[in-house]
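**Q** Can you build the whole structure from these sequences, using the hints too?
These protein sequence lines map, in sequence, to chains A and B. Going left to right, the first sequence walks through residues 1 to 224 as the numbering used here numbers them. Going left to right, the second sequence walks through residues 1 to 224 as the numbering used here numbers them.
It should be emphasised that the hints constitute simulated quantities derived from the structure, not laboratory data. The reader is advised that the hints may include incorrect statements.
Pairs count within a copy or across copies, as identical chains cannot be separated in the list.
As the list claims (entries may be wrong) - Below are the DSBU-like pairs computed for lysine-lysine, each with C-alpha atoms no more than 35 Å apart in a straight line:
{"id": "1", "residue 1": "K195", "residue 2": "K150"}
{"id": "2", "residue 1": "K39", "residue 2": "K52"}
{"id": "3", "residue 1": "K210", "residue 2": "K150"}
{"id": "4", "residue 1": "K60", "residue 2": "K174"}
2 protein chains.
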Amino acid sequence: MAKKAVILFSGGLDSTTCLAIAKAEGFDCYALSINYGQKHSIELENAKRIAKTMDVVEHKIISLNLSELGGSSLTSGDINIPDYKGDKAIPTTYVPARNTVFLSIALGWAEVLNSFDIYIGANDVDYSGYPDCRPVYIQAFENLAKLATKAGVEGKNFHIHAPLLRLSKSEIIKVGMKQGIDYKMTVSCYRANSKGEACGQCDSCVYRIKGFNEAGLSDPTLYM
Amino acid sequence: MAKKAVILFSGGLDSTTCLAIAKAEGFDCYALSINYGQKHSIELENAKRIAKTMDVVEHKIISLNLSELGGSSLTSGDINIPDYKGDKAIPTTYVPARNTVFLSIALGWAEVLNSFDIYIGANDVDYSGYPDCRPVYIQAFENLAKLATKAGVEGKNFHIHAPLLRLSKSEIIKVGMKQGIDYKMTVSCYRANSKGEACGQCDSCVYRIKGFNEAGLSDPTLYM
Numbered sequence: 001m002a003k004k005a006v007i008l009f010s011g012g013l014d015s016t017t018c019l020a021i022a023k024a025e026g027f028d029c030y031a032l033s034i035n036y037g038q039k040h041s042i043e044l045e046n047a048k049r050i051a052k053t054m055d056v057v058e059h060k061i062i063s064l065n066l067s068e069l070g071g072s073s074l075t076s077g078d079i080n081i082p083d084y085k086g087d088k089a090i091p092t093t094y095v096p097a098r099n100t101v102f103l104s105i106a107l108g109w110a111e112v113l114n115s116f117d118i119y120i121g122a123n124d125v126d127y128s129g130y131p132d133c134r135p136v137y138i139q140a141f142e143n144l145a146k147l148a149t150k151a152g153v154e155g156k157n158f159h160i161h162a163p164l165l166r167l168s169k170s171e172i173i174k175v176g177m178k179q180g181i182d183y184k185m186t187v188s189c190y191r192a193n194s195k196g197e198a199c200g201q202c203d204s205c206v207y208r209i210k211g212f213n214e215a216g217l218s219d220p221t222l223y224m
Numbered sequence: 001m002a003k004k005a006v007i008l009f010s011g012g013l014d015s016t017t018c019l020a021i022a023k024a025e026g027f028d029c030y031a032l033s034i035n036y037g038q039k040h041s042i043e044l045e046n047a048k049r050i051a052k053t054m055d056v057v058e059h060k061i062i063s064l065n066l067s068e069l070g071g072s073s074l075t076s077g078d079i080n081i082p083d084y085k086g087d088k089a090i091p092t093t094y095v096p097a098r099n100t101v102f103l104s105i106a107l108g109w110a111e112v113l114n115s116f117d118i119y120i121g122a123n124d125v126d127y128s129g130y131p132d133c134r135p136v137y138i139q140a141f142e143n144l145a146k147l148a149t150k151a152g153v154e155g156k157n158f159h160i161h162a163p164l165l166r167l168s169k170s171e172i173i174k175v176g177m178k179q180g181i182d183y184k185m186t187v188s189c190y191r192a193n194s195k196g197e198a199c200g201q202c203d204s205c206v207y208r209i210k211g212f213n214e215a216g217l218s219d220p221t222l223y224m
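**A** So this is what it looks like as structure tokens:
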């Protein structure tokens, strides 16, 4: 029996690639999506379809309405999602503590499954400067996971896999193409409409477009 | 204007004492309860009533159904909540990664509020050996909080206050009595019924009963 891994899986380009990598590395994959009040919750419909094509053992969607906390243009009706600016500032699409919340839920599920491998598609190259996508953060969560759990106390080590951490977007796309991913099925756009079509202007779209360009591939994304 | 603190607040004996301490320490208090699929969700009704008597600025109840992950007698219909056994084993009431999930949500809210103080009623003395109640865990989460957040990157430090960490249950009760807490309003029992009445047999009840005994106080708890 293969080892189990929990994969944080939004249905976007990065996490779909991450899922394909976990599969290629021989894990039985348990995909975890979070319905957190994101405006582009259409991504979850795509996540469901992709999970089916990728033979995950189970795909769980957990609801936790982070929009009740406010403070992010990705969840709050009061703040518009900005176009890509290209400066160094962390944009308003930052969701406070999002990856910590997501990894915590993944950790809980992993412990229940007797799994010690968690995959997250965090990227520290072509990204918006989110603090919880940095290697130092991923390492700190891995340390915490051991201290936080019964399994950790019993001597087990959790491994937080972030295989995309140091790849450019074009490198990520090339890895995924080798694994046979149909990126047309993935939704990255923060403003994706109910058909999953992308705006082409937000941070997430701009990094994605740049990735296909630099990879010398035609962009399969459906635009509005 | 006083500084703000986020207090993880279940409506139980420990977190109510923790809220009273945060208030006494001069913070404007933002109480956070989680409806996580706990069988004793009646505690949240008590939490609402207590929050009103304690003049919190806001009391937020966030839903996140951890029973979907299973693995704990506190959330899963498949596992009965055990009576107190008194051995060293971590009981089935352990909820995998619970405090990490709760602290993560508290961290998100704190960052939105521009608050850098989070209170948790974790206790490392009269407790069930949960790994995420130990000082080493609390410290690791504090380290993570700085790395996880925009505020942390900008130089702010989050402080995870766990004022009950090294107190016995009787010491906690004495602290709370000085702050005028009416412990009759609090629910600790894992099997609390719809009236908030306690079983007297579960771990949580046994530690509470022991606390009132050792403090030389009559136990105000309502039993079934």
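**Q** Would you mind marking each hint as holding or not holding in the structure?
**A** Cross-check of the supplied hints:
{"no.": "1", "hint": "K195 / K150", "in the structure": "between (43 Å within a copy, 32 Å between copies)"}
{"no.": "2", "hint": "K39 / K52", "in the structure": "both (23 Å within a copy, 33 Å between copies)"}
{"no.": "3", "hint": "K210 / K150", "in the structure": "between (44 Å within a copy, 25 Å between copies)"}
{"no.": "4", "hint": "K60 / K174", "in the structure": "within (27 Å within a copy, 44 Å between copies)"}
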